[in-house]
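*Asks:* The chain contents come next:
There are 2 protein chains.
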Amino acid sequence: MKADIITIGDEILIGQTLDTNSAWIGNELESNGIHVNQITSISDSSDHIISCLSNSLENVDFVFITGGLGPTKDDITKKTLCDFFEDELVLNQEVLAKITHYFAERGRTVNDYTKLQAFVPSRCQVITNHKGTAPGMWFDYNGKVIVSMPGVPHEMKNMMLFVINELKRKYNLLEIVHKTVYTRGVIESVLAETIAEWEEALPKEIKLAYLPSISCLMLRLSVRGTDKLFLENLIDKNIQSLKPLLGKYYSPVQKRLSEEVVAELLFQKKATISTAESCTGGNIAKMLTSISGSSSYFLGSLVAYSTQVKKEMLNISPELISTYGVVSEEVVCEMALSSKKIFNSDYAVATSGLASNEDLDGVKGGTICFAVATPNEVFSQTVVFNTSRQENIQRASNKVLNYLISLF
Amino acid sequence: MKADIITIGDEILIGQTLDTNSAWIGNELESNGIHVNQITSISDSSDHIISCLSNSLENVDFVFITGGLGPTKDDITKKTLCDFFEDELVLNQEVLAKITHYFAERGRTVNDYTKLQAFVPSRCQVITNHKGTAPGMWFDYNGKVIVSMPGVPHEMKNMMLFVINELKRKYNLLEIVHKTVYTRGVIESVLAETIAEWEEALPKEIKLAYLPSISCLMLRLSVRGTDKLFLENLIDKNIQSLKPLLGKYYSPVQKRLSEEVVAELLFQKKATISTAESCTGGNIAKMLTSISGSSSYFLGSLVAYSTQVKKEMLNISPELISTYGVVSEEVVCEMALSSKKIFNSDYAVATSGLASNEDLDGVKGGTICFAVATPNEVFSQTVVFNTSRQENIQRASNKVLNYLISLF
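Just so you know, the sequences run in chain order A and B.
Start counting the first sequence at 0; every next residue gets the next number (numbering that gives the first Met the number 0).
Start counting the second sequence at 0; every next residue gets the next number (numbering that gives the first Met the number 0).
Worth flagging that the hints you see were computed from the coordinates, not collected in a lab.
Every value quoted in this text rests on a predicted model; they were computed, and no experiment measured them.
Beta carbons: idealized from backbone N, C-alpha and C, even for Gly.
Errors might be hidden in some of the hints.
[To be verified] Per label pair, the in silico range of CB-to-CB distance:
| hint | chain 1 | residue 1 | chain 2 | residue 2 | range |
| --- | --- | --- | --- | --- | --- |
| 1 | B | I186 | A | N385 | 34 to 44 Å |
| 2 | A | R122 | B | S53 | 28 to 38 Å |
| 3 | A | N385 | B | R107 | 10 to 20 Å |
| 4 | B | G142 | A | G292 | 56 to 66 Å |
Produce the entire structure from the sequences given, and follow the hints as far as they go.
*Replies:* Below is the structure:
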């Protein structure tokens with residue numbers, strides 16, 4: 000079974016809104032055996048919606064549409080679909096009651112704009128919106144399924160739970176098995192050379208993809224067929240023969256995000272961590288606490304942005320700072336040790352540097368010094384980035400966590 | 000002039016990689032008067048690449064392609080384009096020299112996989128990759144332009160600078176003027192009702208879009224034509240008549256991100272801020288320090304994740320915690336006041352709550368208490384979110400900053 004995803008909204012085309020919905024839907028569909036053929040973003044224009052939908056209906060079995068269901072005039076998806084299916088909009092009392100209740104709970108009354116949302120094409124199946132007001136719509140059309148959902152991510156995601164269950168119930172979906180191998184500390188061309196023979200010998204039904212990311216380099220193996228167990232065994236066998244070739248590049252915890260790996264390793268060791276951050280401004284703490292259950296290993300962080308705070312709260316000696324400069328490995332080592340001490344943690348990481356690319360006080364822009372204190376030692380490194388301010392911060396944070404991972 | 004954007008890579012379709020390139024390119028194109036007609040994501044399949052490209056060449060003047068230019072076997076874009084244009088791949092000595100130099104700088108030697116990147120279609124114009132190894136390609140074809148670039152964001156962005164300049168030099172681009180009005184503290188349907196008459200009276204050449212985001216609700220006015228000054232005046236006139244209708248919803252600083260508004264307001268007042276964060280885990284500090292120049296107003300943050308740290312480093316009395324619970328407005332008020340004191344800042348914000356949706360110790364999951372200490376007072380609120388852990392944290396952080404904005 001194949002699907003297309005269509006996202007509707009000028010804001011996506013002009014880059015004012017990032018389309019995160021399609022990636023999420025794509026992942027859901029693929030893991031349920033529905034192959035995603037194409038993702039298309041188009042404007043709020045009925046002609047374009049219709050041409051795009053018609054094109055998809057020629058190529059795939061299911062079409063998932065998001066966006067353009069809001070209460071305002073630029074939202075035309077519902078009307079357009081209604082015309083396309085030669086249907087008419089009727090007031091759905093159940094939807095109206097839900098919207099009225101939704102508003103009442105929030106101490107608001109339903110105005111005419113909101114009431115418009117309770118009108119739906121007469122022959123569609125309404126998909127209840129448990130997280131907002133605009134209803135979703137399911138259309139059966141010449142043996143194919145077209146689903147239209149709001150563009151608000153958590154409303155759409157909630158509806159998709161229902162949609163996926165319905166599709167599973169009604170269709171005999173083909174199995175797709177993806178497995179990903181996570182590597183760290185290696186670049187794409189070196190990895191390709193390392194595993195060239197293995198890659199050459201891969202069964203042709205297995206598709207291999209190299210997926211570089213800021214935190215790791217992934218190898219994804221995919222295969223599709225009818226017998227899930229057979230497919231899984233086939234992939235597992237090839238992963239088994241790959242592992243020894245990867246050596247130290249094979250990530251000790253097979254997870255994508257560096258913070259997930261750190262979390263798992265700390266959890267295994269029953270160890271704790273704290274951070275003392277200057278240029279990363281709390282981003283490492285934010286990453287570590289993005290993991291559910293982080294309170295079992297993360298104790299706290301001191302974001303010491305000003306030099307004053309570094310001196311007073313982290314007890315970094317003014318002499319050290321004046322001798323080596325605030326952006327130095329000497330200072331970050333002290334920061335990491337101090338963090339370990341004041342939070343009473345087993346591990347600590349520290350950063351100091353220039354997040355922006357402008358040079359300052361003789362230090363090159365993008366220079367970031369970091370240190371990792373382990374239970375017995377302290378290590379440090381200096382790196383220089385040259386992307387945007389925010390990307391420099393993100394890259395530095397990942398670098399610190401990956402360095403920490405290599406020390407476990 | 001119209002353009003399509005095509006991103007190539009299975010990883011996007013199955014949701015393993017978020018397509019941020021298209022949004023960025025879309026924004027660049029629109030602000031340079033090139034209307035984006037469609038964004039399409041397809042797999043690394045030559046048939047699909049060719050059908051998609053052919054379709055785009057029927058509808059638009061320019062096609063921007065990203066992805067599939069890496070050194071590994073799953074990257075087939077270059078070969079496919081070469082076949083489509085009935086050309087052949089030739090070794091480009093200049094590109095090879097650049098790649099060799101790029102690797103030498105990093106202490107590496109060029110292997111066969113990397114050398115493949117120096118082969119380009121004989122008739123394309125090479126776009127130099129200043130940030131990596133895979134060259135970009137510019138094809139002139141029947142009066143249209145097709146540009147192929149790597150999918151790595153910072154490599155692509157750097158190439159686009161050159162591409163946009165070339166397009167400007169060669170084509171007479173139509174002007175597009177977008178202006179955005181930022182509102183805060185109002186939902187879409189209420190805003191629509193508030194400005195209904197104004198919207199009805201808008202000149203039909205102006206397109207209005209409501210763009211809700213986590214930090215604000217934007218109204219975007221767009222118009223296209225030949226006379227930029229005329230278009231700007233037309234939009235400005237209509238924004239002038241809109242402003243008084245918006246009243247308190249009109250954001251005091253016309254910027255999108257809450258942290259940008261906070262930065263601007265603190266900067267205007269020459270005031271400083273610090274944070275004491277529990278459940279937001281450093282995310283508010285991270286947001287505040289994502290702004291260039293933040294060291295002039297942001298002093299530091301204490302991420303007090305464990306109760307012990309709250310007691311010892313923020314001096315929150317154990318009695319207060321045992322009486323009201325660690326997730327309480329009483330405790331966050333003390334945390335904010337303590338943060339203001341220890342960092343010696345003019346303002347401080349504090350959070351305590353449950354980022355995940357699981358209930359704990361009688362507190363409902365997603366409950367977040369926060370406080371804002373101003374130079375003379377302290378205010379607090381409790382909110383309950385019900386999305387994912389990370390989205391709860393992000394929403395709470397925005398809520399805190401928007402509350403702070405409302406107090407200025």
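*Asks:* Now tell me if each hint is right for this structure.
*Replies:* Hints, one by one, checked against the model:
no. : hint                         : result
1   : B/I186 to A/N385: 34 to 44 Å : holds, 42 Å
2   : A/R122 to B/S53: 28 to 38 Å  : holds, 35 Å
3   : A/N385 to B/R107: 10 to 20 Å : holds, 18 Å
4   : B/G142 to A/G292: 56 to 66 Å : holds, 59 Å
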